[in-house]
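**Q** Sequence:
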Amino acid sequence: MSRSPSNRLAIGIGTCDVAVGVCQSRAERLWTLLQRREVKALSLGGLTAPLAIVSHRSVETPSDRWYNEEGALDSLRMALAEAHSPSNPPLAGRRHHAAIVLDDFWVNHGVLRGDFRSMRKRDVEEVARAYFSDAFGLEGVSLAIAIAVQAGGDAVFASAMPRSLLTGIQETCAEADIKVTCLSPRLPRLLDRTQRDMPDLPGMIVVVADDLLQVAMTDGSHWVAYDAQRLFPGETASDTRLADQARTMLERWSDESASTCTVFLSGNAVDTAPFERCFAKVHRATGMDATYASPALGLMGLAS
Numbered sequence: 004m005s006r007s008p009s010n011r012l013a014i015g016i017g018t019c020d021v022a023v024g025v026c027q028s029r030a031e032r033l034w035t036l037l038q039r040r041e042v043k044a045l046s047l048g049g050l051t052a053p054l055a056i057v058s059h060r061s062v063e064t065p066s067d068r069w070y071n072e073e074g075a076l077d078s079l080r081m082a083l084a085e086a087h088s089p090s091n092p093p094l095a096g097r098r099h100h101a102a103i104v105l106d107d108f109w110v111n112h113g114v115l116r117g118d119f120r121s122m123r124k125r126d127v128e129e130v131a132r133a134y135f136s137d138a139f140g141l142e143g144v145s146l147a148i149a150i151a152v153q154a155g156g157d158a159v160f161a162s163a164m165p166r167s168l169l170t171g172i173q174e175t176c177a178e179a180d181i182k183v184t185c186l187s188p189r190l191p192r193l194l195d196r197t198q199r200d201m202p203d204l205p206g207m208i209v210v211v212a213d214d215l216l217q218v219a220m221t222d223g224s225h226w227v228a229y230d231a232q233r234l235f236p237g238e239t240a241s242d243t244r245l246a247d248q249a250r251t252m253l254e255r256w257s258d259e260s261a262s263t264c265t266v267f268l269s270g271n272a273v274d275t276a277p278f279e280r281c282f283a284k285v286h287r288a289t290g291m292d293a294t295y296a297s298p299a300l301g302l303m304g305l306a307s
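If you count by this note's numbering, then the sequence shown holds residues 4 to 307, one letter each, in order.
None of these hints come from the bench; they were simulated from the model. Computed from a predicted structure; not experimentally measured. Among these hints, one or two may not hold up.
Stated by the list, open to error - Pairwise CB distance ranges, derived in the manner of DEER restraints: (1) E254 x T275: 16 to 26 Å; (2) E254 x R68: 36 to 46 Å; (3) G223 x E178: 23 to 33 Å; (4) V57 x E178: 19 to 29 Å; (5) V57 x R233: 15 to 25 Å; (6) N71 x E178: 16 to 26 Å; (7) S224 x S66: 36 to 46 Å; (8) P205 x A272: 18 to 28 Å; (9) D157 x D200: 22 to 32 Å; (10) T184 x A84: 31 to 41 Å; (11) R116 x G140: 15 to 25 Å; (12) Q232 x E142: 37 to 47 Å; (13) A283 x Q198: 17 to 27 Å.
Glycine residues also receive a C-beta, built at the ideal position from the N, C-alpha and C atoms.
Just need the whole structure built from these sequences, with the hints factored in.
**A** Pasting the structure below:
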């Protein structure tokens, strides 16, 4: 079977590096299964699961340009150029579509509670824009807003990213003849995947990254609150400290005691023992990022 004339790319944009991967097409996946005579095992879930990365290129951002938009865009430009080089035939001379996942450093998140049932999407986005402007002192016009209204319309999970970064990513990809079909932060992707493993019970998802600890609390059907804590070098090495911080964040936003709270761990792999000493029940989410050699590769995996 020949390759599709339009390859799908998965791109991860971190704070210190960028990774660009070529995904196996769904047609190629089906063909592979047919060749293995596994067609009887095919299911909708199997065909819609994350696609395999068949090749990738990674570029590390110079240390003096970490956590810098221009540094990230230059690394993206270099990674795309390497991916388009003659030494990488799957990309050379083809039109591409890309799904991109951003490190949450670039994004602010929040949970908004209220009656959003009769509101238009544009109006909900403006409510979220006002929230981020008031809560973080950000200039509203500089933000690109993404929202997910929960079933029932009484809660919204909102994300805000710099419009300058979004525009820069789109322009950099367009220069390489790549159309961005999906661009999202890391956290919503992880929350969606983790929720599939969660029972319809109150609990807290704890997402661990190299430099950020995030928690999202749910009452079983809706998001209740979100909080984040920056992590300094060395803090992620202490799982006990991470568990203590997660408990403090729970106490800040909920009347529930840690002794009755169920926790779902996601993101970087951590030792569950300190969390089990703090919380009633602890579950490890499937598909954690521990197997990736760099943050950007983990983001690329989420984008696939």
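**Q** Take the hints in turn and mark each one as holding or not.
**A** Evaluated hints:
1. Against the hinted window of 16 to 26 Å, the Cβ-Cβ separation of E254 and T275 comes to about 20 Å, which satisfies the hint.
2. For the pair E254 and R68, the supplied restraint of 36 to 46 Å holds, since their beta-carbon distance comes to about 38 Å.
3. Between G223 and E178 the CB atoms are about 46 Å apart, so this pair departs from the stated range of 23 to 33 Å.
4. Look at V57 against E178: about 24 Å separates their beta carbons, and that is inside 19 to 29 Å.
5. Checking the proposed 15 to 25 Å range against V57 and R233 shows it is violated: the Cβ atoms sit about 36 Å from each other.
6. The hinted window of 16 to 26 Å between N71 and E178 holds, with their beta carbons roughly 20 Å apart.
7. A beta carbon spacing of about 44 Å between S224 and S66 agrees with the range 36 to 46 Å that was offered as a hint.
8. Distance hint check: the CB atoms of P205 and A272 are about 25 Å apart, consistent with the given range 18 to 28 Å.
9. For D157 and D200, the hinted distance range of 22 to 32 Å is satisfied, since their beta carbons lie about 24 Å from each other.
10. In this structure the supplied range 31 to 41 Å is violated for T184 paired with A84, their Cβ-Cβ distance being about 21 Å.
11. Between R116 and G140 the beta carbon distance is about 22 Å. The supplied range of 15 to 25 Å therefore holds.
12. For the pair Q232 and E142, the supplied restraint of 37 to 47 Å is violated, since their beta-carbon distance comes to about 24 Å.
13. Against the hinted window of 17 to 27 Å, the Cβ-Cβ separation of A283 and Q198 comes to about 19 Å, which satisfies the hint.
Hint compliance for this structure: hints 3, 5, 10, 12 are broken, all remaining hints hold.
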